[in-house]
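**Student:** What follows is the residue order along each chain.
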Amino acid sequence: MIALIFTACAALHAITADEIIEKLERNLVHSTARIEGEMTVQDRFGEKRTTFISFAEGESKTLIEFTSPEEEGQKILRIDDDIYLFFPDAEELIRMQGSALRQSVLGSDMSYEDLTGGREMKDSYNIVLEGIETVDGKECYKCVLTAVKRNVPYPKQIMWVDKDLFMYRKVEQYSLSGRLLKEVSVLEMKRINSKVFPSRTLIKDAMKKKSQTVFSVEAIQVDISLPEDIFSLEELTW
Amino acid sequence: MKLWKMAARNIGRNRRRSILSGSAIAIAAMVFVIMFSVVEGLKIDLTDNLTKYFTGQVRIRNSQYDENEELNPLFYNISDFSNLLEKIEALPEIDRTSPRIQVPGVIFKNDTNYTTLCMGVDFTRENDFMDIDSILISGALPDEQEKQALAGSGLAEQLDLEPGDKITLMSKTMNRGTNAYTFTVTGIIQTPVHGLNTKLILAPLEQVQKFVKMPGGITEILIISSKDSSPENTAGILSSFFSSSNRPELTAVPWNEIEGSYSIVEIANSVYSIIAVIFFILGSTVIVNTTMMVVYERIREIGTISALGMYGGEIVRLFFLEAFFIALLGSLAGILLGIGITIPLSHFGIDFSRAMEGFTLEVSPVFYPALDLRSPLTTFFYAIGVSSIASLFPSWRSARIQPVEALRTV
Amino acid sequence: MKFLLSLAWKNLSRYRRRTIITACALAVGLTLFIFTDALLKGMEKESERNLIWYETSSAKILNREYFNDRKLLTLTDPINEYQALHNVLREESADFTPRIVFSAELLVYEDPYPGDGSLMVKAAAVSPESDDSVYRFQETVTEGRYLEKGEDGILLGSWLAEDLHAEVGYPVTLVTRTKSGYYQTIDMEIVGIYTCPNPYVNRSTVFLPISSAMEYLEMDGSVTEVGVKFPMTADIDKEAEDLRTLINDIFPDLEVYTWKELAPDYIQLAAGKQAGSKTILLLVLIIAVVGISNTMLMAIYERVRELGMMRALGMDDRKIRRTFLLEAAGIGFIGSLLGIALGSLITWYFVNNGIDMTAFTRNMDIGYRTSGIMRPAWNFSTIIISFIAGILISVGVAFVPTRRAMKMEIAECLRHQ
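Protein chains in written order, with this note's numbering: chain A, 1 to 238; chain B, 1 to 410; chain C, 1 to 417.
Be a bit skeptical, because a hint or two may be false.
Straight-line C-alpha distance at most 27 Å; calculated DSSO-like pairs for lysine-lysine [to be verified]: (1) A:190 x A:61; (2) B:52 x B:109; (3) B:210 x A:48; (4) A:163 x A:209; (5) C:71 x C:45; (6) A:23 x A:142; (7) C:122 x B:199; (8) A:156 x C:179; (9) B:109 x C:71; (10) A:208 x C:122; (11) B:2 x B:87; (12) B:43 x C:45; (13) B:199 x C:71; (14) A:204 x C:179; (15) C:278 x B:43; (16) A:149 x A:190; (17) A:209 x C:122; (18) C:260 x B:109; (19) A:190 x A:170; (20) C:41 x B:43; (21) C:41 x A:210; (22) B:213 x A:48; (23) A:208 x C:179; (24) B:43 x B:147; (25) A:122 x C:278; (26) C:179 x A:149; (27) C:122 x A:204; (28) C:71 x B:166; (29) B:199 x B:166; (30) B:109 x C:45; (31) A:163 x A:190; (32) C:122 x A:156; (33) C:179 x B:109; (34) A:210 x B:213; (35) A:61 x B:109; (36) A:190 x A:204; (37) C:319 x C:407; (38) A:149 x A:204; (39) B:166 x B:210; (40) B:199 x C:407.
Source of the hints: derived by calculation from the structure; they are not laboratory data.
Please work from the sequences and hints to get the whole structure.
**Tutor:** Here it is, written out as structure tokens:
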């Protein structure tokens, strides 16, 4: 009995919480990436589908181009913590700043703010490994993240990171009072090159019953070469 | 001798007295006429603003739009409206229509955002409905085929806009997406409603439809009903029209049933009623007072004719006739004077901007008195009535005094 | 002079009817003028009061940066040095109260509510002890009770409660952000529902205790605004200036804003309404003056023969004129006194009881802030001016015919009708 505990503990201590998150982040961040994806938003008025192509460089630059007919031509450019919106009918770029970033993107459960922010969770959070739990039949490290810096929106998050694949299966995001705000579930994971990425993600607003968003990746290419000025404001207006 | 001839002669003989009491009645009548016109003007101003800019006399909307109004649910719109509008305009109870789309658009500028009310309108119809030419203070109307718009004066001031400048509005679209649209401001408008001027953007209907991606749809139709149909009646007709044309989702609500808007008119009405009562009391006392004085002043005269054989009833009738004639002339003069003053005022308006302690006002508080045939007529009969009746009591009293007593009065 | 005075007085009492009728004309005119003025002023004052009692207070102390974006209700530019400010203000014995104002999404759920719902609201965290020295919310609570310090209780506006089908004792959740940007949820129980005469506030604002907000929003002792009350009769601009001098040196980031600066759109509206009021007042004045003059003129003309007789008896012209004018002044005095007494009485009655105009109070989107009960407002300057004007008008009006009579031949005077 005691031996088992020792083995279990040994297994636990074999990896630190920080290391788990590091490995997770390595999976999430690509040098460059091109993703064709789809977003389905459900709220109390019904369902809405949007398709897009997004380009990313590292963790600080993203360009999203919408391809669904309703959003045809619209683009979102993110450079570090700045967000610029391009609309075909508008003759100037709209810069989202300050409290405007808290608005949701196309009515989904993701806000502009969620698009910004670095992936360096270690810097902003104190991470504690609380053991191993099973999610969807797979064993996961349960990591509890408590904010130490005040520049993140969620003061507390719990992540269940798949033990073998180092990709989260579930994330719960909490308010300062400890109320569950959002629940992120990865419904499907896939491999590309040496990395694992979430190919179908469900985000649920835990405060509102009928509100949820599903992201699915239809096609993905990583480590490709991207045109030089793709993440520039000038490019955005094309 | 005919009583009325005596009365007439008495009036002519004592010109000073007649003029004095006649002019009191005239001035009272004149003030009444002016005051009622002012009040009427204020009331019309209020209801005008309400019907032109906010509710119309009847408002047609998708019934579910109203239920979820705070969310501005564009998908609960009036679809396929041009067809519908044609049919509505064919109804005899409809005088004018104003199809509109209301969009709360946000302007991001100078590190801050401004919430605007972007109203998509049909400028041809709107010229009748809202009388845009009269509120355009600079620039020109937009071209409906172009991405142009008019900006409210308050908004223009905040953003430092002039005709030729561009503004970009962002809003949710009908299908809950997002869109932004750049308009070139072609002109600045100033409505009498200050709160509207700081938010209003008036743009062509088709442009706003493209902005929020709502082809063929609008959020509301405002109606002015024809003169012989009350708003309630028109609303009823429209409701039955909707059910019979298989558009059950549409509702037609008369303006006094639209929550919140009409109550302000009701408050104004009650306030004005109170003021009208005050005027009546005041005016009546003036007339009564004057008439009474006239009679008492002539107690000796009454004594004389009494001694000469005229009996009480005749005396009373004589004085009654005198008062009546004076009131007739005075009333007429006063009313004509009142009308004469009101007519130019109703064109040029009453402007009190100089009395306003030096605030920098964009809107001068000008309002236009409105002449109504009812008030001069009522005033006329009222003035005559009051003074004639007012003469009865004192003359009756005086007639009863013994001639000897009366003759002794100084 | 004494002789003239007693002569005037005797005349007045001898011709009691004439005196009374004339004095009454004057009295009625003045009464109604005073009352109309008070009524119109009351309406003005009420709008202003609604603004000051429930929205802006007489003035607010804000961080300069906050003022520019005050409509956004963010927590990014608060008053950080509140504790120090509090001490300074306390020494000055000013009436002040701190508030933390923020925007939040209010969520309700099925059971006990009829269904799920959410609404954006303006949340004002107030100090239950001091808020009422500046604002007047405590007396507006119509159901349940007012807030208590440190509790997780919330006060809802009646129209807001109606829209949500909320009742006292129901739970609500506010979703908002802390000062640093963390998501925060605040679970509260509705302890009371208020109905204040200001429809803007009724529709959109919820109240909670400031100590709770301080904690939940991690304010670190900062507040977003400090409301200050000046006495209603004080000169607002001067008081604000005094306050400004007091705090500008110690707190360079803070500034004092009077209610006029906080609600400029209200000023525009009020100015417009004043035009209407002034016109009406002018018309009342015209009728009143006409009434007075008319009666006065008649009274004088009636006595031309008497005047002639006095001249015939050898009385000095000047003395005769003075007598008549003194009489006129006497009538004026009596009438004015009666007028302001009556006017004040009527005003006093309605100031205390108000004119009830119920059923008109829902929803007003056009900027007016009024409720269902109209109250006139005391306007002492008008009363005093009316008194003096009454006497002056009487004397002024008596002047002309008296002079005319003086110029006539004595014989003509005696023959006068």
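**Student:** Could you tell me which of the numbered hints above are not met by this structure, giving the numbers in increasing order?
**Tutor:** Going through the list in order, the structure violates hints 2, 4, 11, 16, 21, 24, 25, 30, 40 and respects the others.
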